[in-house]
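> From first to last, the protein sequence lines stand for chains A and B.
The first sequence begins at 1 in our numbering and counts up one residue at a time.
The second sequence begins at 1 in our numbering and counts up one residue at a time.
Think of the hints as simulated: they come from the structure by calculation, not from any bench.
The beta-carbon is built from N, C-alpha and C at its ideal position, and this holds for glycine as well.
Worth double-checking, as some hints may not be accurate.
Stated by the list, open to error - Rough simulated footprint, nothing fancy, chain A against chain B, three-plus residues with beta-carbon under 8 Å:
1. 28 to 35
2. 74 to 80
3. 84 to 92
4. 111 to 119
5. 130 to 136
6. 152 to 158
7. 231 to 243
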Amino acid sequence: MNWASWGDFWNMGGYGLYVWGSYAVTLVCVFAEVVSVRRQFSGQMVRLLRVRRATVRGAGNETET
Amino acid sequence: MNSSVKAVSDKLSAAPGGINWFKYASPQTFYPLAGRLIPLFAWPALLLFAVGLYVSFFVAPTDATQGDSYRIIFIHVPAAWMSMIIYLAMAFWCALGMIFNTRLSFMMSQALAPTGAIWTFLALWTGALWGKPTWGAWWVWDARLTSELILLFLYLGYMALVAAMDDPRRADRAGAVVAIVGAINVPIIYFSVKWWNTLHQGASVSMTSAPKMASIMLMGMLIMALAAWAYSIAVVLVRVRAIMLERERNTDWVAQMLENRP
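Excised from the complex, chain A in its bound form (with noise of 0.2 Å):
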């Protein structure tokens, strides 16, 4: 085990600044591009649905008339 304590292991022998800015700023760049491309993959999936559903009853109207 390389630190003896929670204290030791934020601190990063001196270097926690640059050590813990590189780790998050990664962690955030992955979550939020985690987020983005299912909210875009969903977003899209979401409007064919609704436009689907617009057209068929669309159709449903002109068939009545």
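Dock chain B against chain A, hints included.
Using the frame of chain A, we list chain B on its own:
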């Protein structure tokens, strides 16, 4: 598909025991395949990141000369690798699209770009945070750093160009020119530490010589690199599916796919 491509495709599928690769070049067969592949990369990515982080912080010892600042390389090196590999993949798909006129190739390329840009940014960011305590400077204009910065601009330029053009077919081709011409920058980045006298150190891992680092540190780095690979593939597959839905929204296969949804 034009006739010459059709001929090649027929020949490939006629080959004994051969797979018809062109089958997967069509969006309607690739879309469900991509959907099935996503969890096969996403879950291993999560597992590998967890193991990689554990090795990076708890197994790998403190470096004798750099202290704990060296732990940044567990992100920095995989990020830099991915930034170059993804650019090459992007250029490859663009070239394929230009040759065979397959629309899926361009969608793949467009799905790769944001992930590549993020890795490039992370390589630069973690590099700066490592450089400050180690070199005493956040940034120097040496060949390695400068060419990596150019890579970031190439990614951003490609994305901006494709987004700016209304006609997707024209955007595909204009983007492809940037992607393919820009690929010359990748070997420049890779060999910059050999060709020029850079402040950036030489390759830590290469095909031709023994690694210049302790094996447990190397192990941590390779696990993180595998995690980055798996993560990138998963994220790109989700994005390419979104792009496919958007660009193919008026086709029969999308209509059919929506029809078959529960």
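> Look at each hint and say if it fits the structure.
For each hint, the structure was consulted:
Beta-carbon proximity to chain A at under 8 Å applies to 0 residues in the segment 28 to 35 of chain B; the threshold of 3 is not reached and the given coverage is violated. Check on the segment 74 to 80 of chain B: 3 of its residues sit with their Cβ under 8 Å from a Cβ of chain A, so the three-residue criterion for coverage holds. A stretch counts as covered by a chain when three or more of its residues have a beta carbon under 8 Å from one of that chain; for the segment 84 to 92 of chain B and chain A the count is 0, and the coverage is violated. A stretch counts as covered by a chain when three or more of its residues have a beta carbon under 8 Å from one of that chain; for the segment 111 to 119 of chain B and chain A the count is 3, and the coverage holds.
Interface restraint, the segment 130 to 136 of chain B with chain A: holds (3 residues with C-beta to C-beta distance below 8 Å; minimum three). Evaluation of the coverage hint for the segment 152 to 158 of chain B: breached, as 0 residues show C-beta separations to chain A shorter than 8 Å, against a requirement of three. Only residues whose C-beta sits within less than 8 Å of a C-beta in chain A count toward coverage, and the segment 231 to 243 of chain B has 6 of them, enough to reach three; the restraint holds.
The structure fails hints 1, 3 and 6 (numbered hints given earlier, in ascending order).
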